[in-house]
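Hey, can you work out the whole structure from these sequences and the hints?
Protein chains: 2
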Amino acid sequence: MTETRAYHHGDLRRALLAAALDAIEEVGPAALSLRDLARRAGVSHAAPAHHFGDKAGLLTALATQGFDLLAQTLASAGDDLLAAGVAYVDFAVRHRAHFEVMFRPELYRAGDAELVTARERAGAALRSGVATLPTSGAPVDTDRDALAAWSIAHGFATLWLAGALPNRVGGNPRKAAQEVLRRLTR
Amino acid sequence: MTETRAYHHGDLRRALLAAALDAIEEVGPAALSLRDLARRAGVSHAAPAHHFGDKAGLLTALATQGFDLLAQTLASAGDDLLAAGVAYVDFAVRHRAHFEVMFRPELYRAGDAELVTARERAGAALRSGVATLPTSGAPVDTDRDALAAWSIAHGFATLWLAGALPNRVGGNPRKAAQEVLRRLTR
DNA sequence: AATCCTATCTTGCCATTGACAAGATGCCGC
DNA sequence: GCGGCATCTTGTCAATGGCAAGATAGGATT
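From first to last, the protein sequence lines are chains F and Z. 1 is the number of the first residue of the first sequence in full-length UniProt numbering; add one for each residue after it. 1 is the number of the first residue of the second sequence in full-length UniProt numbering; add one for each residue after it.
Just so you know, the hints here were simulated from the structure itself, not pulled from any lab data. A hint or two may mislead.
Identical chains share a label here; the pair holds if one copy fits it or two copies do between them.
[Stated by the list, open to error] Listed next, the in silico EDC-like pairs over lysine to aspartate or glutamate satisfying Cα-Cα at most 16 Å (straight line):
id	residue 1	residue 2
1	Lys175	Asp90
2	Lys175	Asp145
3	Lys55	Asp36
Structural data, given as C-alpha cells:
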C-alpha cells in the first residue's frame, strides 16, 4: 500500500525494496540484479548503492523486514501450536521472497545489528508459540519439542516452495500443512 | 578417489564436477563461477561449456548425481524410519553442496530426463523408508505420514545448513536429528 | 537573501562473468 | 596415412557489481 508516486526525489529506498520483492519472486534471490531494480524504479544504475551499499546490503534490509514480518505474523497467530505452524507455512508461501532471503545467510550480512534483533524477535515469537505444547505424560524437553515443531513447519514450507511436493498435495498449502503438522501435535 | 592426474586430455568432466563441489561448499551454489572452475581444473575458460553447455547444465549434472547418492544412502539405511531420517540429515550435512543444489530447481533444468529418473529413484527410496511406520491404532494415511517425516527431516537439515539453529543444539547433527525425529515416530 | 552543506542521484569507468563463434589439437578407426 | 570427431583454446560481446567523481536540490545558518 501507500504506492507514493515519488522516486526521483522521494522514497527510493522503499521503491527499491518493493521492486526487489517482485524480482525475487520472478527469478529468485540469487539472480537478483541491482541494475534491474534501478531500471524498475526509473533511476540510474548506481542509485541503489547509495541506499544499501551493495547487493548484500539490500538483501540484509529485506531479510530484516522479513524477520519482523514473521514475528508479527506468529504473534497474531496466537498461542496454539498448530495454528502457529500453519501461520509459519502460510507466511513462507505468501511472502516467498522474504522467506527465501531470510534463510540464505550467505547472501546478506548475518551480523548486522538491526537484522540480529529482528531475527531474535522472530525466534522469541516462535518459542512462545511452542510453549503451549500438550505436556502429555512423558517428561518434556521444550527445546527439542520446539525444534521439532520448527523443523516440520520449516521443512514443509521449504519443500512446498521448491516445488518438490507431489501434485497430490494440492493447491491449498494451509490445509496440507495442517494435516502434516497434526502428525506432530497429537 | 581415483584422482586421475589427466585433465588436459582426460576426465575433465569429472574434475569439473569435483571442483564445483568444493566451490559450492565455499561460496554457495549461486555464486558458482564457471571460469573459476576452469581455473581450478587448469583449463581454458570455455572448456566447461563443451561438457555441460552452460551453468544450468553443470548444476543439472550435479543435482542428478546428488539424487542418485541420496537414493543409495537411503537404501542402505534400511527400513527403520528413524534411521532413514537420520540418514537423510546426515546426507545433507556430509554432501552439503549436492543437497543445496538439489532443492534449488531454479538453478538447473528440472525437466532433464536423467535428473527426473534420479529424483524418482530417490523419492521411491524415501517412501519405502516410511512404509514401515508403526501403525499404532488410528487409521493411517501413509501419504501424509510420509510427507510429515520428509518435512521434519528436511526442515531440520535445512535449518542446520542455514546455521539457523541455536548453539545449544551442538556439533553432532546425527544425535540432534535423532532426538528431534523421535518426536514424530513415537 | 545569499551561502553553505549534506543527502540524493547521475555519469563514467573497470574487472569479472556467461555465452557464443571460430579455430586449433589430438585421438581413433579405416 | 588420412579423414572425422570429440575435446579444448582464443577471441569477442553484452551484462553486472562496484567504485569514483561530479551534478542537483532542499534546508539550515548567517
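Outcome of the hint check:
1. Lys175 - Asp90: Within one copy only: 10 Å inside a chain, 30 Å across chains, cut-off 16 Å.
2. Lys175 - Asp145: Only across copies: Lys175 and Asp145 sit 15 Å apart there, 22 Å inside one copy, limit 16 Å.
3. Lys55 - Asp36: Within one copy, since 12 Å is at most 16 Å while 21 Å is not.
Of the hints listed earlier, there is not a single one the structure fails to meet.
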